[in-house]
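So the sequence lines, in the order shown, correspond to chains C and A.
Just so you know, the first sequence maps onto residues 1 to 113 in this note's numbering.
Just so you know, the second sequence maps onto residues 1 to 112 in this note's numbering.
Calculated from the structure, these hints are not laboratory results.
Quantities reported herein were computed from a predicted structural model and do not represent experimental measurements.
Every residue, glycine too, gets a C-beta built ideally from N, C-alpha and C.
The reader is advised that the hints may include incorrect statements.
Some chain C residues judged to face chain A by a derived CB distance under 7 Å, without partners named [said to hold, decoys possible]:
| # | residue |
| --- | --- |
| 1 | GLU11 |
| 2 | GLU14 |
| 3 | GLY42 |
| 4 | LEU43 |
| 5 | PRO97 |
| 6 | PHE104 |
| 7 | GLY107 |
Not close to chain C: a few residues of chain A, all C-beta gaps over 10 Å, as computed [to be verified]:
| # | residue |
| --- | --- |
| 8 | GLU15 |
| 9 | ALA16 |
| 10 | THR104 |
DSSO-like cross-link-like pairs, simulated, lysine-lysine; straight-line CA separation at most 27 Å [claimed, not checked]:
| # | chain 1 | residue 1 | chain 2 | residue 2 |
| --- | --- | --- | --- | --- |
| 11 | A | LYS99 | C | LYS78 |
| 12 | C | LYS68 | A | LYS73 |
| 13 | C | LYS24 | A | LYS99 |
| 14 | A | LYS109 | A | LYS78 |
| 15 | A | LYS73 | A | LYS55 |
| 16 | C | LYS24 | C | LYS68 |
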Amino acid sequence: DAGVIQSPRHEVTEMGQEVTLRCKPISGHNSLFWYRQTMMRGLELLIYFNNNVPIDDSGMPEDRFSAKMPNASFSTLKIQPSEPRDSAVYFCASSQPNTGELFFGEGSRLTVL
Amino acid sequence: AQTVTQSQPEMSVQEAETVTLSCTYDTSENNYYLFWYKQPPSRQMILVIRQEAYKQQNATENRFSVNFQKAAKSFSLKISDSQLGDTAMYFCAFYGTYKYIFGTGTRLKVLA
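Extracted from the complex, chain C is given alone in its bound form (with noise of 0.2 Å):
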């Protein structure tokens, strides 16, 4: 299997942009989940799906940020409109059922100018 996959790998952008990351967990893992990691706060979870539904989404900043997971080989998480703070590496993990072993995709390196 290829693990998790996200794109893209960097992204610049301007402030007030619309950002979307794209996420492809590992087949047959039903949990996926979003991650934002910055120097100033560590690894924070934003979102939380089950096979496909949104369980947790209480780390989601604000409604600037919005999660979809149409399908179980697909996620997108979106920033509309985009801020400086925003700037951050954007992890995606996804896990099996019942074993907890998060696989984690190698990260979106956001900059929001």
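Using the hints, position chain A against chain C.
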């Protein structure tokens, strides 16, 4: 609410020596998992070791072992025979009912 605390922001160790990274957590759950993940400069997060809370025996993976003290809610990672490739950020993580929480990390540097 569950919390995970790593009190050592940075550590260093000489190559071939042993180092222990600390982690404490707080939860009211009885069944959960604990993990150590490694993030090298490449930024890829990699699982190092996992421990099921219902197992009394400490997990071991080659040079990596844990000291799991359930009553004390402590979960430390011991790295034996440290290698230069062990240089990385190490994150302790708790997985309970629909919650996956990471500590703030310990930056470990292995010195030649």
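We went through each hint and held it up to the structure:
no., hint, verdict
1, GLU11, "15 Å, violated"
2, GLU14, "24 Å, violated"
3, GLY42, "5 Å, holds"
4, LEU43, "4 Å, holds"
5, PRO97, "12 Å, violated"
6, PHE104, "4 Å, holds"
7, GLY107, "6 Å, holds"
8, GLU15, "27 Å, holds"
9, ALA16, "29 Å, holds"
10, THR104, "5 Å, violated"
11, A:LYS99 - C:LYS78, "22 Å, holds"
12, C:LYS68 - A:LYS73, "35 Å, violated"
13, C:LYS24 - A:LYS99, "21 Å, holds"
14, A:LYS109 - A:LYS78, "14 Å, holds"
15, A:LYS73 - A:LYS55, "14 Å, holds"
16, C:LYS24 - C:LYS68, "12 Å, holds"
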